[in-house]
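K.L.:
Here is how the chains run, residue by residue.
2 protein chains.
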Amino acid sequence: MIATLHILGTSSAVPTSNRFPSSQLLDFGGELMLIDCGEGCQMQMRKQGIGFGRIRQIFISHAHGDHFFGLIGLLSTLSVLKVDQPLDIYAPPVVKKVIDYQLKTLGYRLRMKLHWHLIDPDFEGLLLNGNKCMVEAIKLNHSVPVHGFIFREKIVERNIDSEKISAYDLSVSEIVRAKKGKEVIREDGTVLSNEELTLPLHKPLTYAFCTDTTRVPRLDAIHKAHLLYHEATYLEKERELGFKTLHSTAKDAGMAAAENEVDQLLIGHFSARYKKTDKLLQEAREQFPNTTVAHEGMRIRIDSKTNDVRILT
Amino acid sequence: MIATLHILGTSSAVPTSNRFPSSQLLDFGGELMLIDCGEGCQMQMRKQGIGFGRIRQIFISHAHGDHFFGLIGLLSTLSVLKVDQPLDIYAPPVVKKVIDYQLKTLGYRLRMKLHWHLIDPDFEGLLLNGNKCMVEAIKLNHSVPVHGFIFREKIVERNIDSEKISAYDLSVSEIVRAKKGKEVIREDGTVLSNEELTLPLHKPLTYAFCTDTTRVPRLDAIHKAHLLYHEATYLEKERELGFKTLHSTAKDAGMAAAENEVDQLLIGHFSARYKKTDKLLQEAREQFPNTTVAHEGMRIRIDSKTNDVRILT
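The listed protein sequences correspond, in order, to chains A and B.
Using numbering that gives the first Met the number 0, the first residue of the first sequence is number 0, and each one after it goes up by one.
Using numbering that gives the first Met the number 0, the first residue of the second sequence is number 0, and each one after it goes up by one.
FYI, nobody ran anything at the bench for these hints, they're computed from the structure.
Among the hints, erroneous ones may be present.
Identical chains blur together in the list; that is why a pair holds if it fits in one copy or across any two.
[As the list claims (entries may be wrong)] Okay, derived cross-link-like pairs now, BS3-like style, lysine-lysine, Cα gap no bigger than 30 Å in a straight line:
(1) 81 with 243
(2) 112 with 243
(3) 46 with 275
(4) 181 with 163
Construct all of the structure, not just a fragment, from the sequences and the given hints.
P.N.:
As structure tokens, then:
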């Protein structure tokens, strides 16, 4: 499986001259999912040449405006563009209230049907069980209820070891059976175990999105993820502000990545006070060397077959 | 008086890779006024280095999202930035409803006080009588109630002809009287008329903002304005769409400028179908040669003393 993450916005509450509010687009094996939807995310997608009419799911982490004020404009644009495919929106209940009120009060009639999946504050578990991707919600720690989202490849078929096909002269129906993870019983009664016929399962492609929050602890859902996006609003010298506002420092993000033994850490959600990000990167890398700074227009490609996490732009 | 117009957004309903929804900032002798507030206008102001904490008035032409979906984010940012000066917002009643609902439902407490001035659909007349600037609303013609805004310099004092000061040996109190437009009666009973002592009044600086609408007719409020911004959503070949959606073509904008004998026409609010604007400009210029195309980042300076309208960037 190959997934490409497009970074649309990396600012915290206050945008800057080059940072937009939080938003990311995840292309998961060709399926487009939007993660947070800060103001201007539709313009960022236009700029990056993303055909956003293909988005089918939107995930909103929490009901702070810098994470969803772009949603009403995006819905309006999709409607003007005559997109009529249904859209699944996973969000806190208050986000639906605000969107519904605007649509009703302004007399907007959307062409597409919206399927809302309201995330209650205490919910943890599977949000979406798709054909290619499963999405799990985890509770984070902030001033309002916030959920992190874990996007994980759904491995439905095992890969056959091609050498075994000729060695055992496997029939098509035997191959189908083995791909489904079952053992194969030959005509002579011999039993071939599934492990014998199939290649070891690769690690399912896993992307963990965690903002806004204090440092994320060691969690099974995130452990050994290919990529962890963790907010890094402040430098250590502003740690008191982090305590007060329930945000992380870059060091926190690095510690979360180290504890969860992820392959790669991506930091974002930077305070507007930092014009440059080199110190944020340095403080995170002291905890976790394999750290990268998110920026608008960045694309990161994850290939689960090769466990390769590569920055494209 | 000198005013500088900053163009923040020139798209119609659907933004493009380089066009943001409608928004402009008018610096009128140092007083900042925001005209429409499409999504992302705060990011455009950041990009253009505009200190938007100094904005005191916001004018919203109508309740279509591409003209005000940036307002809630801007208010939120101003509050985070601890701006606590009151803000006057002139807008259709439904805009206030939508903003109020979001502030209440999301539990936002703004630092600044909002003074709403609701513009009823049938209202025409003076909206604001400021120290430097008077703002008049005119009704436009669109699918929902829309108002155009005319920003006009308030000339409070006449300029004394300096030659007359020495010729008549005018006292300070006589000069003050003449500046106020009154005649001066000398000690010997001689009467000096105000026209004798003062210079001819210059044309008050006038900027007319007209979008969304069909072609604006000849109107006293716009006649001989220094600058007219008129929407030009379509080319002539899409005229039928203009009829249907109650928008103007570039030719319409040119005709409106010619009929109103303005100094300069600025066209904007372009349909996303036009990647380039050269044909739009050409069709407008056939009606009114002194036409310019608005683009994000453009600045236009108007000097009423010299009647100079100059494009800075």
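K.L.:
For every hint, state whether the structure bears it out.
P.N.:
Hints and how they fare:
Taking the shortest Cα distances, residue 81 and residue 243 sit within 30 Å of each other only across copies (17 Å), while inside one copy they are farther apart (45 Å). With identical chains, the CA atoms of residue 112 and residue 243 are at most 30 Å apart between copies only, with a shortest distance of 25 Å across copies and 40 Å within one. In the homo-oligomer, the alpha carbons of residue 46 and residue 275 lie at most 30 Å apart both inside one protomer (23 Å) and across protomers (16 Å), since each shortest distance falls under that limit. For the identical chains of this complex, residue 181 and residue 163 are intra-copy neighbours only, at 15 Å inside a copy versus 107 Å across copies, given an alpha-carbon limit of 30 Å.
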